[in-house]
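Chains H and Z, in that order, give the protein sequences.
Here the first sequence stands for residues 1 to 202, where the numbers follow the working numbering.
Here the second sequence stands for residues 1001 to 1202, where the numbers follow the working numbering.
Hints are not guaranteed to be accurate.
Which residues of chain H face chain Z? A partial, calculated answer using Cβ under 8 Å [stated by the list, open to error]:
id, residue
1, 5
2, 8
3, 111
4, 114
5, 174
Simulated from the structure, these hints should not be mistaken for lab results.
Virtual Cβ for every residue (Gly too), placed ideally from N, Cα, C.
2 protein chains.
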Amino acid sequence: MGRRSDHTPEELRALLVREGHALILERGFSRFSAREAARRAGYSVGTIYNVFGSLDGYLLAVNSHTFRLWSVWLERALDGVPHEGTARIEALVRAYFSFAAEHANAWMSIYDHRIDRETEIAKEDVAAREGLTAIVDREVGQWMGTGADDAATRRLVRSLIATVHGHCSLWLSGSYALMNEDDPAGQALSRVLEVLAAQQRS
Amino acid sequence: MGRRSDHTPEELRALLVREGHALILERGFSRFSAREAARRAGYSVGTIYNVFGSLDGYLLAVNSHTFRLWSVWLERALDGVPHEGTARIEALVRAYFSFAAEHANAWMSIYDHRIDRETEIAKEDVAAREGLTAIVDREVGQWMGTGADDAATRRLVRSLIATVHGHCSLWLSGSYALMNEDDPAGQALSRVLEVLAAQQRS
DNA sequence: AGCTAAAATAAACACTGTTCAATTAAAAAT
DNA sequence: ATTTTTAATTGAACAGTGTTTATTTTAGCT
């Protein structure tokens, strides 16, 4: 078959990303197959290479889609939560976990996909990742008070993300079950609040 | 070929594990191949299935080997460090990171290998994992003072492990580089010390 | 020496990812 | 309206994978 008119380039891109996301959500990273994703979209493998250049490019795009859904999820969870005490921080951590739990395979795939250090990442993929970090930057910044948007705070935010990520990651991978912990989200939240309190003190 | 006498069952097991570990260290999880590991050991794929039952069983055994090496690494790093202040905690976190860094592919493979929730894990594999946790239990317990070896402390230790794991994991996967942090180990250590201080206060 | 039972293999199967010449359809040019 | 050009899509080929199973080989025992 040759050039078809059933989808514009943008539509095709979006279609393949949606289908890939659905497949990775259903099967998980290890059983994901580009061939199968293309098949479900009504195209053949070659098309994925045409559109995304490489499998890495495709997986990056699929994971970026997950990142964007995740950002929307967080904003919704924060919507209307008052700026009193640690309410918004709590909501943020809880939503971080609930997204991961309800999209476990897609969430884990983000971190299962290892890319060569030198492989260049498209700027829209970087943007999808930075979008999530920006939400945490904003919330922690607001909690810390005005004028807290400096380099040190940015650094702390990334460390807090790593903290929550660690709990969530070990939880979903099953390692935490092996450790007999039944509320990893609660533990993550406790750690975050302790760290923030320590930061405020100094 | 049939029954051979060049290795006892235990030797064969150990040989395959060593060879598998070396291969996964060299290539990383995604490019690991049971066929190739068997080839390097001078056997064929079937032997791996004979000895370990399944690929999951084999990978579990290979990763357990990494866990044991990791435990030895930590003990060596702790050897002789005085029980003053947070010296041993610091040494522990630093050694956690340095092992991961110097065995990056093998370390990441531990977490790249996803196993079905219901797949039963051999007790020696559980033991290898618990061995590492036990070291942290001991050190944090000692730091907290006598009589601190209760359930709450165990729970905290697992949360601290998750915290350090998160930093290490994002670091080696390259996500942290994307976030422009250049000393994740230092950040992890800071968080651990803040949490421990908070714990001591209450 | 012959028998038995265990261990190791080789081959088959159904999949992968990846590349690329051939094909097809749309757009442009005549 | 036809032809030509150009771009998109495919399908087949290749080298690899995990997994299963019938077959072969060998060590140990009688």
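Results for each hint:
| no. | hint | verdict |
| --- | --- | --- |
| 1 | 5 | 38 Å, violated |
| 2 | 8 | 31 Å, violated |
| 3 | 111 | 6 Å, holds |
| 4 | 114 | 6 Å, holds |
| 5 | 174 | 6 Å, holds |
Hints 1 and 2 from the list above are not met by this structure, while the remaining hints are.
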